[in-house]
Each structure stands twice: as structure tokens, then as C-alpha cells.
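The listed protein sequences derive, respectively, from chains A and B. Heads up, the first sequence is in our numbering, so the first residue is 1 and it goes up one at a time. Heads up, the second sequence is in our numbering, so the first residue is 1 and it goes up one at a time.
It is worth saying that the hints were derived from the structure and are not from the lab. Worth double-checking, as some hints may not be accurate.
[Stated by the list, open to error] Cross-link-like lysine to aspartate or glutamate pairs, in silico, EDC-like; alpha carbons within 20 Å at most: (1) K135(B) / D77(B); (2) K130(B) / E49(A); (3) K111(B) / E49(A).
[Claimed, not checked] Reference listing, derived: stretches of chain A covered by chain B, where coverage requires no fewer than 3 residues with Cβ under 8 Å from a Cβ of chain B: (4) 74 to 83; (5) 86 to 96; (6) 128 to 141.
Bear in mind the structure is a predicted one, so any value in this text is a computation, not a measurement. Positions of the beta carbon are idealized from the N, C-alpha and C atoms, including for glycine.
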Amino acid sequence: MIINWDSFTPLASLGGGILIGIAALFLMMTTGRVMGVSGILSGLFSAGEPKLWRLAFLGGTLLGPLLIYTITGTPIASEMVSDGWLFYGAAFLVGIGTALGSGCTSGHGICGLARFSGRSLVAVITFMTMAVITVYVVRHSGLGG
Amino acid sequence: MALISGVVFGVGLTIAGMLDPSKISGFLDIFGVWDPSLAFVMAGGVVVNAVGHRFVMRRSVPLFAPRFLLPSFASIDRPLLLGSALFGIGWGVSGLCPGPVLGNLLLLPEKMGLFAAIVCGGLWVGRALKQRLEKSRVD
Numbered sequence: 001m002i003i004n005w006d007s008f009t010p011l012a013s014l015g016g017g018i019l020i021g022i023a024a025l026f027l028m029m030t031t032g033r034v035m036g037v038s039g040i041l042s043g044l045f046s047a048g049e050p051k052l053w054r055l056a057f058l059g060g061t062l063l064g065p066l067l068i069y070t071i072t073g074t075p076i077a078s079e080m081v082s083d084g085w086l087f088y089g090a091a092f093l094v095g096i097g098t099a100l101g102s103g104c105t106s107g108h109g110i111c112g113l114a115r116f117s118g119r120s121l122v123a124v125i126t127f128m129t130m131a132v133i134t135v136y137v138v139r140h141s142g143l144g145g
Numbered sequence: 001m002a003l004i005s006g007v008v009f010g011v012g013l014t015i016a017g018m019l020d021p022s023k024i025s026g027f028l029d030i031f032g033v034w035d036p037s038l039a040f041v042m043a044g045g046v047v048v049n050a051v052g053h054r055f056v057m058r059r060s061v062p063l064f065a066p067r068f069l070l071p072s073f074a075s076i077d078r079p080l081l082l083g084s085a086l087f088g089i090g091w092g093v094s095g096l097c098p099g100p101v102l103g104n105l106l107l108l109p110e111k112m113g114l115f116a117a118i119v120c121g122g123l124w125v126g127r128a129l130k131q132r133l134e135k136s137r138v139d
């Protein structure tokens, strides 16, 4: 195994992860809701679900990075790794997959694992494995160009 | 309150490097030149949440809502496995999961606008599909 030391950011990533954990705790403590982005988003399309807290949370997620950009004045690194139909096809898979699987990296990964949920553990192992295989195929098999 | 949580979440994603698809892809590329940073994001988030969750659950109700709404469904079924597998493929190809899609939206609106719209379309289809599958199981 070769480690990419140039892009490795253990402290920033740990700090960011801790903030994500605090955000999840704060949402549970105040609203009693699980901080799962795909679930919060998909609840917007369901009649009878309360919408205000969802819009407030999602609005905050939109604003947080903008806030950092405004304060630091440095552009936030965001380099795309695919384009065209692969890129937009992936968007559809992310949407349909997280809806069917009842959660994504935040809901299953951060919140579910912290509650020792068996379903979330299975979900995380499944999407991590598929994502690793996918990246291998795209980057190293020649199929991704 | 949800707004504050969302802002902290968005700031956390930014500092963690989660908004950068090339960094996510570098983490998933364990057979290439591997960037383990994302493991630190997961570890930080899960440990803080696991420890804090015990304290939060000492209360019988949340501060501003009538009750805690935690998933009670426990069985590992086909929608969970199929959905997570499809999500994994999409995540691997794009390096984007739902949180960072939103986090990137105002910074790169021209790149992320259509992507976010298609994620929402996928969520809508997936939600309808899941309801149909659950209904057929009950019937």
C-alpha cells in the first residue's frame, strides 16, 4: 500500500469530522432528528412531513462552506473526477441508491454507526466496498479512459 | 436550531476536505496512491457522536420537539443492500455524496446545479420504489 503523503490531512480531517459529529448531536438534542442528508432531502418530497427544519438544516449546509470562503478568502478545493454522462449518471445513482438504502455517508456512516445500528454497518460496508471497486475500475482498469 | 446544525455540518465538511471529489476519490483508491484522510473524518464524527449520543439519550425528550425520532426498523433487507450498492457506485464515480453536493452548490453553481437536481430526481424515484417494495412485503 502506497500512502499519498502530499494530500494527507489528518488534523484538518479529524477536526472537520469532530464538527460533523457535533452538528449531528446538536440536531438530535434540539429537534430529535437523525442528521442524514439524503433522508432530510427526500423528506421534502413527501406530503405530511414537516418541512421547515429540513429547509433550515439544508440552508445551513449550503451556507457553511460559503462562510468559510468569505472568512478565509481562499478558494475551497473541489476538483471533479468525472464528467459528461458518467458524472450525471452517478448523480442519479447517488439519489436512487440513498433513497432505497435509507441513508448515505452522514445518516448511516456518522449517525448509524454511532448508534451501533446493524443496518447502518451493513450499509456502510456495502457502499464503501462498491465505491472502492468502482474507483479501481475507473482509475486502473482502463475502462474509465 | 436546525440551521445552526446545518452551518456547523457545512463548515465541518469544508475543513475536513469532504467538498473535494478528487480527495474522496483518493481515499477510495486504496489500490493506488492512497489518501487515508477520510478515515479521520469518519473516526472524529463517529466517536464524538457515539459518546455524545449517550448523554443526549439521558433526556426523555429533545429540547424543542415532542420526541426523539430514531429508526426502529432493524432487519437487513434487499432495498438496503441494493440501494447502498448503487450509492457506492455513484459515489465512486463522482466522489460526491449528498452532503458535499449541497456544500458545493453555492460555490460551484454551474457545475453542481444539474448534478444536485438529478440527485433529487433519483431520491424521488428511489423513495417511490422503496414504498412500493415495502407495500408488496406487507401484502
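Coverage criterion applied to the segment 74 to 83 of chain A (partner chain B; beta-carbon cut 8 Å; 3 residues): Answer holds; 7 residues pass the 8 Å Cβ test.
Outcome, coverage hint (the segment 128 to 141 of chain A, chain B; C-beta under 8 Å; three residues): holds (count 12)
Proposed proximity, E49(A) with K111(B) (alpha carbon, max 20 Å): Not satisfied, since the Cα-Cα distance of roughly 30 Å exceeds 20 Å.
K130(B) paired with E49(A) [C-alpha distance capped at 20 Å]: holds, 17 Å
Coverage of the segment 86 to 96 of chain A by chain B (three or more Cβ within 8 Å): holds (count 11)
Pair hint K135(B) and D77(B), alpha-carbon separation not exceeding 20 Å: Holds - the C-alpha atoms of D77(B) and K135(B) are around 14 Å apart, at most 20 Å.
When the structure is compared with the earlier hints, a violation turns up for hint 3 alone.
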